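This is what each chain is made of:
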Amino acid sequence: MSDWQVKYKSSLKDRGTEGILKLREGILLFVPNDPTSDSKLKVLTPNIKSQKYTKEGSKKPAWLNLSNKQGDSHIFEFQNYQDMHACRALITKALAKCEEEQPKKPAAVLTSAEQLSIADLELRFKVLRENIELQRLHKEFVETKVLTEDEFWATRKKLLGKDSIRKSKQQVGLKSMMVSGIKPSTDGRTNRVTFNLTSEIIFQIFAEKPAVRQAFINYVPSKMTEKDFWTKYFRAEYLYSTKNTAVAAAEAAEDEELAVFLKPDEILAQEARQKIRRVDPTLDMEADQGDDYTHLMDHGIQRDGTMDVVEPQNGQFRRSLLQDLNRHAAVVLEGRNIGKHLFAPPSILSSYVFHDVDSENTRSVAEALARVKQVSKADGETTKDANQERLARMSRLAEMEDLQAPQNFPLAPLSIKDPRDYFESQQGNVVNEPRGAGTLKRNVHEAYGSLKESILEIRTKGLRDPLIKPEVAFEVLFYPVVFRSLTQTISTAKNIIGKNPRESFLDRLPKSTRDEVLHHWTSIQELLKHFWSSYPITTTYLHTKVGKLKDAMSNSYSQLEAMKESVQSELRHQLSLLVRPMQQALDAAFQHYDADLQRRTAKSARGSAGEANGSV
Amino acid sequence: MATVASKLYSDDVSLLVLLLDTNPLFWSNRSTTFSQFLSHVLAFLNAVLGLNQLNRVVVIATGYCSCDYIYDSSLTLSGNSESGRTGMPALFGSLLEKLEDFIVKDEELIKEQEHDERIASSLLSGSLSMALCYIQRVFRSGHLHPQPRILCLQGSPDGPEQYVAVMNSIFSAQRLMVPIDSCYIGTQNSAFLQQASYITGGVHHAPKQLDGLFQFLTTIFATDLHTRSFVQLPKPVGVDFRASCFCHKKTIDMGYVCSVCLSIFCEHHKKCSTCGSVFGQSKLDGASTVSDKKRKAPDS
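Quick mapping for you: the protein sequence lines, in order, are chains S and C. Counting from 263, one number per residue, gives the positions in the first sequence under my numbering. Counting from 17, one number per residue, gives the positions in the second sequence under my numbering.
These aren't lab readings, by the way, just hints derived from the structure by calculation. Remember, predicted model here, so these are calculated numbers, not experimental data. We put the beta carbon where it would ideally sit given N, CA and C, even for glycine. Incorrect hints may appear among the rest.
Derived DSS-like pairs (lysine-lysine); straight-line CA-CA distance at most 25 Å [unchecked claim]: (1) S/Lys401 / S/Lys773; (2) C/Lys287 / S/Lys714; (3) S/Lys401 / S/Lys791; (4) C/Lys251 / S/Lys714; (5) S/Lys401 / S/Lys807; (6) C/Lys114 / S/Lys723; (7) C/Lys121 / S/Lys714; (8) S/Lys791 / S/Lys807; (9) S/Lys525 / S/Lys537; (10) S/Lys302 / S/Lys284; (11) S/Lys714 / S/Lys407; (12) S/Lys302 / S/Lys275; (13) S/Lys269 / S/Lys355; (14) S/Lys731 / C/Lys114; (15) C/Lys287 / S/Lys679; (16) S/Lys359 / S/Lys401; (17) S/Lys269 / S/Lys322; (18) C/Lys224 / C/Lys251; (19) C/Lys286 / S/Lys679; (20) S/Lys304 / S/Lys388.
Cβ-to-Cβ under 8 Å is the rule here; a few derived chain C residues that face chain S [to be verified]: (21) Thr38; (22) Ser55; (23) Glu123; (24) Ser279.
Which chain C residues stay away from chain S? Per the calculated CB distances, all over 12 Å, these [claimed, not checked]: (25) Gln69; (26) Asp88; (27) Leu91; (28) Leu112; (29) Lys127; (30) Gln152; (31) Ser188; (32) Ile236; (33) Asp256.
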């Protein structure tokens, strides 16, 4: 029934026109009874923002007030409250359905590449605001369409924060807190102890104590409810903690299910024994007797630190802290493979206080664990052939070398090179221009003669006086400064001599030029970075990108030239020295671009020529 | 004497081993004569000895085919004065005498040599080895010893046949933590000396004007090792890391290297001559032949 007799009021004061309100797929239609009146209304359900209605029991008539997104409100007066509620329910349903469909549409419009979350955009703006340099670069390149937004930020992921990178969800491992650390809440008044069991804890208990898991599968729900099961389990834990073995033995004798919890874990012991059997003792010790730690009673830390003696027949009712620790550690190290498909990350799915138990869920956990263990056991089980092979290998490795027959390995003769070869080869076969031996000897003789003469001279005359002329010494000491003065006019030379030659040249430039130079430096670096990363050109996208970059670079180049000319004559040389490496880098990039372009056109020409020549 | 010595021992006591280039083929056609050069050097040695009472100087002459110790300041007796000769400080009388004897010996050695097809290089590897032996002896003399360093005054070009020996000496010096300073007064630049200074942490400089050599020596090379930590000495712009190939002793900057023993060759060999390992076919050759084949196919 989606038609109602209503009176439509555009506002509260309006008297209302009578008509029929129809609710169809996504449309609310009001048709007045009087065909001449023009208050027909068609409202699309997505446009409805909210609906208000009058309460039952108040003396007011049944009104339904719909307000749409544009802010208009339409009031419908129903004949009775029942109708109004029915209409309201239908509208609510329609609205809910609309909301579901709505998000899907805009998602289809945005392509995946451009879909940026609002948080990302905000982060980018923030980074740009803080770093003015970056902002300048961004303005220069991204807004002139030389680089796209993505390319600009591609190399600056670190600035955008590490959170965006660490999107991959980590798999949470097992807790290292032991199961026995679960403390119940005790109610002193009613003498009740309440345990809060989460699915996480149950999983851990099942992983660490396969006997408990087996008992669960066997007893629940056939013999007892899950609540009873856990009650008995915690009773057994309590008995362990009190260390009262006599009481434990007594209770075990009474209640066989409880006895299951109090016995040492047979399944574990069996697993350990199998592991030992599987290991090849000649290769490596993957497992040894010590792995069967459940039976090791006489060393290990007791729970309260005391080392009291236990009667032999009640020995099975004790467990040492070391045993618990070892088992827990083994399970944690095995990891969470079993639980992956069963649980979401540990949020308390259903926390029990021994009511509101979801026994089906727990059972499935227990069965899954059991299945996994079965599979791993089956894999590990040694077949007959494997056994044979192991025995053969063991006998091979256990043999004694002395008693073996002599083995004749293929020998390669030892070749020790004569070390003299190495040293003599250092003389080399360098052949200079062939000179007559006689002339050379004569030259040498003359050389020696002159040398001897020099020594004689110095012996007689002594050291030179003065040893060194002061102008020469001065030149040596102020060598870099003097060199510069030779290449410049006299006026500037007077300024420079005497100043610290290592003063930064940049400080002497006017501020605007200096800023420009520095800006050019960073922008050219950015351009070159993107330019060189686009080679080798494989797609048309890269091709266009390189073209745009090259235009920007030639722009920069001409700007540098203009800057050099604009600066004062005395600073021009230094500025050009400063600017030279930038220009050289740009030149290298241009060269590479031209060479690559040439190669491409040559290849395509050759390719097309080849195609033309070759057969079709 | 020992107690006095220990009291006076400060951080800047140094032992300077000077390797003097006495290659006649180099000095025969230079504008600066050997005597002028010697006077600069002798004055510099005097200055070094004057910096600290306990400083020591050793001079090793690097000849064309031999090297020898010329002077050791710790052995010279101050009594032997040569007041007959004018102008020459008595300290260096014995130095010059020994230098002359050395040159005579060197000349005789070169007469015996049959083939003289080498570049006119001096025996740098020999003198470096002798210097390192002396320094090793000083290290073993006790815990109170001056800090040694080597100063190499060289003008002759590098002999590529000495590459291996020179590199070995450089690495020994590096391990002994002895810096090798080098002052190159020749025309071309010396790759060996640059590498030596770079690897051992010494100073390399090639002065342009030889008549200011004394100034260069005292400004740059007289500083002891302790002082160098707070004095800024000239740094070279770049280091010439060229090596010489093991087969022809040519200087190369791009070649083949054996991956087992790191010996350098200028052309492709089937087998390494140092360690005997057999080389496989180089990937570059294989690629070029393949691309040649591909290019031929469409044309044919």
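Now for the hints, and whether the structure bears them out:
1. S/Lys401 / S/Lys773: Distance ~21 Å between S/Lys401 and S/Lys773 Cα, so the pair holds.
2. C/Lys287 / S/Lys714: Violated: C/Lys287 and S/Lys714 sit about 48 Å apart, past 25 Å.
3. S/Lys401 / S/Lys791: holds (17 Å)
4. C/Lys251 / S/Lys714: violated (36 Å)
5. S/Lys401 / S/Lys807: Judged against 25 Å, a Cα distance of about 17 Å means the pair holds.
6. C/Lys114 / S/Lys723: Within the cut-off at roughly 18 Å; holds.
7. C/Lys121 / S/Lys714: This hinted pair holds, its Cα atoms lying about 12 Å apart.
8. S/Lys791 / S/Lys807: holds (12 Å)
9. S/Lys525 / S/Lys537: It holds: about 22 Å lies between the C-alpha atoms, which stays within 25 Å.
10. S/Lys302 / S/Lys284: Since the Cα atoms of S/Lys302 and S/Lys284 sit roughly 11 Å apart, the hinted pair holds (cutoff 25 Å).
11. S/Lys714 / S/Lys407: violated (77 Å)
12. S/Lys302 / S/Lys275: Holds: S/Lys302 and S/Lys275 sit about 18 Å apart, inside 25 Å.
13. S/Lys269 / S/Lys355: With Cα atoms ~23 Å apart, S/Lys269 and S/Lys355 stay inside 25 Å; holds.
14. S/Lys731 / C/Lys114: Violated: S/Lys731 and C/Lys114 sit about 29 Å apart, past 25 Å.
15. C/Lys287 / S/Lys679: Given that 25 Å is the threshold and the Cα spacing comes to 14 Å, the pair holds.
16. S/Lys359 / S/Lys401: violated (44 Å)
17. S/Lys269 / S/Lys322: Measuring from Cα to Cα gives roughly 14 Å; hence the hint holds.
18. C/Lys224 / C/Lys251: At roughly 15 Å apart (the allowed maximum being 25 Å), C/Lys251 and C/Lys224 satisfy the hint.
19. C/Lys286 / S/Lys679: holds (18 Å)
20. S/Lys304 / S/Lys388: Outside the cut-off at roughly 46 Å; violated.
21. Thr38: holds (7 Å)
22. Ser55: holds (4 Å)
23. Glu123: holds (4 Å)
24. Ser279: Constraint on C/Ser279 not satisfied, violated at 10 Å.
25. Gln69: holds (22 Å)
26. Asp88: holds (19 Å)
27. Leu91: Non-interface label on C/Leu91 holds, nearest chain S Cβ at 20 Å vs cutoff 12 Å.
28. Leu112: violated (5 Å)
29. Lys127: violated (8 Å)
30. Gln152: holds (22 Å)
31. Ser188: holds (17 Å)
32. Ile236: Incorrect as stated: the minimum Cβ-Cβ distance to chain S is 10 Å, not above 12 Å.
33. Asp256: holds (19 Å)
Hint check: violations occur at hints 2, 4, 11, 14, 16, 20, 24, 28, 29, 32; the rest are consistent with the structure.
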